[in-house]
Structures are given as structure tokens and as C-alpha cells.
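J.: In case you want the letters, here they are:
There are 2 protein chains.
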Amino acid sequence: MKKFINNPENFVDEMLEGIYLAHPEVTHVGEDLHCYVRTTPVKGKVAIVTGGGSGHLPLFLGYVGDNMLDGAGVGGVFQSPSSEQVLEVTRYVDQGAGVLYLYGNYSGDLMNFDMAGELADLEGIETATVVGRDDVASSVVGEEHKRRGVAGIVFLYKVAGAAASAMKPLAEVVRLTEKASARTRTIGVALSPCIVPEVGKPSFEIGADEMEIGMGIHGEPGITRKKLTPADALVDEMMERVLAEQSYDTEKDVAVLINGLGATPLEELYVIYRRTAQVLEKAGANIRHVFIGEYATSMEMAGASISVLQLDDELEPLIAVGANTPFFKHIAR
Amino acid sequence: MKKFINNPENFVDEMLEGIYLAHPEVTHVGEDLHCYVRTTPVKGKVAIVTGGGSGHLPLFLGYVGDNMLDGAGVGGVFQSPSSEQVLEVTRYVDQGAGVLYLYGNYSGDLMNFDMAGELADLEGIETATVVGRDDVASSVVGEEHKRRGVAGIVFLYKVAGAAASAMKPLAEVVRLTEKASARTRTIGVALSPCIVPEVGKPSFEIGADEMEIGMGIHGEPGITRKKLTPADALVDEMMERVLAEQSYDTEKDVAVLINGLGATPLEELYVIYRRTAQVLEKAGANIRHVFIGEYATSMEMAGASISVLQLDDELEPLIAVGANTPFFKHIAR
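If you read the protein sequences in the order shown, they are chains A and B.
Here the first sequence is numbered in this note's numbering, starting from 6 and rising by one per residue.
Here the second sequence is numbered in this note's numbering, starting from 6 and rising by one per residue.
Possibly wrong hints are sitting among the right ones.
Pairs involving identical chains hold if they fit within one copy or between any two copies, as the list cannot separate such chains.
Said to hold, decoys possible - Here are the computed lysine to aspartate or glutamate pairs in the DMTMM-like style, where the Cα-Cα straight-line distance is at most 20 Å:
#: 1; residue 1: K287; residue 2: D237
#: 2; residue 1: K7; residue 2: D241
#: 3; residue 1: K232; residue 2: E22
#: 4; residue 1: K334; residue 2: D214
#: 5; residue 1: K231; residue 2: E22
#: 6; residue 1: K184; residue 2: D18
#: 7; residue 1: K257; residue 2: E131
#: 8; residue 1: K7; residue 2: E210
#: 9; residue 1: K50; residue 2: E22
Read the hints as simulated data drawn from the structure, not as lab findings.
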């Protein structure tokens, strides 16, 4: 296991210590480093809390900041934060306008956020929940509620964060975020596994010339495993899955996110974007916003995902709003 | 070779096509995709041109943008741009105040930039040159002029870009950039090789439990190869090289850049930063600016580097200035 770590058991805490040392804009609630919040809460604003396992930086905590999120519960590598941790964050970030829980559709996270929400309710803090479920490979049409949340959640963070910063009430932030969620589709491909430090060996095996389309960000099984094809053919095959669920006849505007899973060079993400843009243009779409880089990783996994959010007149301006976190800076044009 | 590419010969051009499709703020001069410039030149400002081989994104072209650079000559993977390409960029970006060539200390780049400068001179365009030579592992004290330029050049871009944007004359931009160069030290470590697409095999071999301290970003030999140590011990050893050349007795302020070489997860960079901050604090330094992420890569190489710029009252405000390129966004606090 070739990693820059000390004792694997301390990996997440030492990473968090590094983050707090580097970025005074964020801090932890009390003694627990896993309860991650921004230091500048906004009075009367709907607060937004995310969370999930470590090992996906800049997901999840990286989106806590101006015009984005207010706090995150941070679990161990690929582990959910506890309900107590989510509750601690909830108490800290609540500014009287309620709290939106916004995270990916995984059973451990659902359980712990739901429990935290119930406990917060007893304390008079209103909460609501929207889960990201953008991974088209993880369940068929008609069963979208079963889909996993992957990189497309960044669009949801953007929309929810901008809506909350515009001081919209909780119900309206929820409505807009749900709309963005219903219009976001992601398809991924993995070329190599990652290594969870405490496990110490690769999360799965894959042949030296193979790829797996649709693999999840924790190595969950995908749709098809086969020989690696040229990039353009691969993008065409991936985008078929997206185009099967989106049509740009009447609503043409889209936001696109090309996400690297960890080890894939930025150069290759631009090769992927090139073909994605060609495919979308041919399908009649008009690309309004582009994000290319590492937004939701699986540590050193090689691979990439393509996310497309179909915009409307309500969502486009929310994606366009500037944002500023230690890990994500979006400057409005 | 597991890469998202089509024909390896088209890799750089297709990457560049992707970049131009994604980012309307930049374009190419004439037909040559390798002559990369921003679309909004600033009248009367000193123009800054960088360049070098592809395969290091966001280096080099990623720093072309507001308050940073004006153009870049882009070579093939790990290959210098030609003198003609640099000259084309020079002609395009010159706004009558002269052009600073700012790039890493590699013989191919030196030759081609020097030739371009001579040709520009014949056309009445004044040029000056500063080269990054921050890699302490590449030559001993007393022979700093032989050192290679690596991730620390980002500090030089920041300083030069801010100085030029403040409409300082060429000689003053050169003086400040030279000062930043003289005060920047970088030490790197590699855990794995990368694969140049047109070569198709790893650039070097390294044992499954080995690291090489001081390796260059093209796989140039380092100082020592040995068994991978825990992160803290490794940082201590690396920082010894930096501390041997910097003392914080009178000038305490520093900027720190923890750079990932490609495949190393962001989580590990924060573990490295944690220890780096501890070491610097113990040495009496005061960390004023922190940059952590991928700033100068070697495609999918696993590894990291630590850069420290010792600031003074002139340099600190230049590092603090905001910047906005498609690949690098710095929001002034």
C-alpha cells in the first residue's frame, strides 16, 4: 500500500487536522474533528448539511463555504458519519430557518441522517432531506429511488446553496434541489481499484486492459466490464445511457461535469469532455456551464464520470452563482 | 496503458480541443492549437508568456488568465514548444509594454524561448526572461542556476501576474519575479511512474514498497531511493532540505504549496500539509498563504512536492491578489 500516511487508523483524523490547519474558514464542533462546519454562519438562512464517508475529497466537506453548504458530518473512509455527529453539526449550523440534509443515497447515511433529523425535531429544529441519486448505472428507469448518489450531487450543492443564500425558505430550497436532482444524470467508468488504508489491499481486481462502466465510487458493481476502448467510443457508449433519459428538444440548456475519480490525469478528462461536448451538441443540447476536474473521488481510483444537469430558467441562474469554499471556487462570469 | 485516449498521436491536440471547447476565455493563435492565449489582453500591461511540455496540467496553460499569465506555448507530452510557437504567442500577447518569459529551467525550453526572444527583438518586441529553478534536489547550493523548475513556479506566476496587472513596468516585474524565484524552494517525492502516451510504457521502474525523494516531474533521478516511510518521517526528511536553505529568524512569513503529482489523493496531501505546518511552525515560520492540490503534475504519477516561498513585505501582497483562470481561482480574503 503506497500511501502518504502514518498509522492507517489515524488517517482521517490527520487529514482533518491538516484541513483545519490550512483553512481557518472552517472548524469543528467541540472536540470532534468529524463535525465540520464553516465559521461564518448566516443569520436567518436555511442551513445545509451534507456528509458521508471520507476518501472522496473534495466530496463531502469540500463544498462547505460561501453560497454552498454550512456543515458536514465526516465518517471514516467509506463509512457514514454517526447520527450524533450529524446532530452536532445540525445544532451548530441551524440559524432558525431550518436545515436541509443533502447527501448521497446510501443506506448507512440515510439511517444516520434520518435519526439525526428525528432528534433535531425533538429539539425544535426543522429538517428536510434531499438525496442525490444521479448514477444511472445503479438502477433502471422506474426505480430511480434506488440509484446511488455520485458526482452529480455537486450540482445539487450548487443549486441548494445558491437558493439558501438568496434567503429562500426551506420548502423552496427543497423544491429547487429536488428539481435539480430529478434532472441530473451521471455515468461513470473505472479503470483501477483504490485501497482503503485500514484494509490495506485493493478494493477489487480488474484486468490490465479492462474497464468497468457504471462502477460506483466505492467499487460497487457496474453494468459491464470489458476491454478498454478508445476514449471517443467509450464516451459514446456512456452518453447513450444519459441520452436515453434526457431529451433536449424543448429545454436545451445543460450543465456538464466531467469528474476524475482520483488517478486519472486532467488531460484525459479534457479528452473525455471534447467528445461529450460533441455528443451533446449533436443531440441538440446547449452547454451553459462546464466543470472539469476532481469533484468526487475514490482516493487513487483511476476512472471518470460524466454528469449532465438539464437546466431550466429557474436552475440555470442558481448554477451560475459564484461560490467560495477552501476546495471549490466558482467565479460568476 | 490504461488511459482515456484515442490515437496517442492525437492526445495533446484532442486535450487542447477539449480545453478550447470548455473555456471560451482562452483561444489559440491562428490554426495552431499549441499557441494558447487569453482572449482579453490588457492594453499597456506587461504580457507574461510561459510554456513547456504537456502532461503537467494545470501547468502550464492553466495559469493563463486574469491577474496571472497571458499566453503559453504548449509542447507535446514532456516536449518543449517550438520557438515559432513561442514567437506566435509573443506577437499576439504583446501590448506594447514588453513580454516576460517565465518557465521552468529545462534546456529545450531555454533554447526555444531564447530563440523566440531574439526573433521578437528583431520585430521590436522587448522580452525578458525569468526561469523557475526551485527544485532543491536537482543541484547543490552554489549551483542553484542548474536546478530544475517544478511546482514552485506557481508562486512566480502569482507574483509576476499580480505585478504586471498592477501595471508595473517590465524591469520591475522581472525584479519581483526574480526575487520570488530566489526565495522559493521545492522538494518532491515520487511513488510511481507515469506513462507517456506515445511511449506506452512506464517512464521508470520503482519497487512496490519504494519511494524516490527528489525525483523530477519527468522522472529525472532524485537524491535517494528507499523504503516508503510513514508520512511524518518523510515530511521531516524532505523539509530538512528546505530548512537548510531558509531561516525564519527575521522574515517569518511564508507561502506553502503542497502539490500532488497526479495519482495521489487529496486526503494524503492534507496529511502531508499537517506535518509540514508543524515543521514550519517549529522552525519559527508563520504560514500566510496555503495552496494544496494538483498544481504541477506528471499525468498519473503518484507523489507529492512541498514548496515554500519565503515572503517579504513586497511579495506577500502579490501572493494575496485574487486570480481567475479556467484552472486556477484564487479569491483574495
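J.: Compare the structure with each hint and give your call.
T.: Hint check:
no.: 1; hint: K287 to D237; result: within (14 Å within a copy, 51 Å between copies)
no.: 2; hint: K7 to D241; result: between (34 Å within a copy, 18 Å between copies)
no.: 3; hint: K232 to E22; result: neither (41 Å within a copy, 26 Å between copies)
no.: 4; hint: K334 to D214; result: neither (36 Å within a copy, 36 Å between copies)
no.: 5; hint: K231 to E22; result: neither (41 Å within a copy, 28 Å between copies)
no.: 6; hint: K184 to D18; result: neither (35 Å within a copy, 38 Å between copies)
no.: 7; hint: K257 to E131; result: neither (36 Å within a copy, 48 Å between copies)
no.: 8; hint: K7 to E210; result: both (17 Å within a copy, 14 Å between copies)
no.: 9; hint: K50 to E22; result: neither (28 Å within a copy, 42 Å between copies)
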